[in-house]
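Asker: The opening position of the sequence shown corresponds to residue 1 in the UniProt record's numbering, with each subsequent residue numbered one higher.
Keep in mind the hints are simulated off the structure, nothing from the lab.
Just so it is clear, CB atoms sit at the ideal spot from N, CA and C, and this is done for glycine as well.
Accuracy of the hints is not assured; some may be wrong.
Stated by the list, open to error - Here are the in silico distance ranges between beta carbons for each label pair:
id, residue 1, residue 2, range
1, THR52, ARG75, 28 to 34 Å
2, ARG55, ARG75, 37 to 43 Å
3, SER12, ALA51, 33 to 39 Å
4, ARG55, ASN16, 32 to 38 Å
5, GLY85, ASP38, 21 to 27 Å
6, ILE49, ARG75, 32 to 38 Å
7, ALA28, ASP83, 17 to 23 Å
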Amino acid sequence: MTGPSPVDRGKSGSKNHLLTDRTGLPLAIGVSAANTHDSHGLIPLVLAIPATRSRRGPRRFRPTKLHADKTYDYRTLRRWLRDRGITPRIARRDLDTSDTLGHHR
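Could you put the whole structure together from the sequences, leaning on the hints where they help?
Answerer: See below:
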C-alpha cells in the first residue's frame, strides 16, 4: 500500500506570517492553515499594523511602501495596497529572478 499522493495539497499544520519594518522590528504576526496560499495572509497582516503616534500629536503611522516576494504578486493585492496609500514593491512572478535579490526593484 502506498501513502498519500505527493501532489495532494491537503497539508496539516500551520504557517506563521510576519510583517516587519525595514529594521526587522515585527509589526504584525499571523497564523494560517498550512493548506492555504500565503497571499491570503497579506491583508490581515496589513490591517493588524498598530497605530502609532508621534510626540507632537495623534498622527497615525501608515507604511508608505510594502516589499514582498513573488507569492504576493496579484493584481487584487496591488490594487488593495494602492487604495490605502501603500506603494506595492512586489517581485513579478513572470519577470524578476532570484539573481536580483537584495537589489532595488
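Asker: Run every hint past the structure and note whether it holds.
Answerer: For each hint, the structure was consulted:
no. : hint                         : in the structure
1   : THR52 with ARG75: 28 to 34 Å : 30 Å, holds
2   : ARG55 with ARG75: 37 to 43 Å : 39 Å, holds
3   : SER12 with ALA51: 33 to 39 Å : 36 Å, holds
4   : ARG55 with ASN16: 32 to 38 Å : 33 Å, holds
5   : GLY85 with ASP38: 21 to 27 Å : 23 Å, holds
6   : ILE49 with ARG75: 32 to 38 Å : 22 Å, violated
7   : ALA28 with ASP83: 17 to 23 Å : 19 Å, holds
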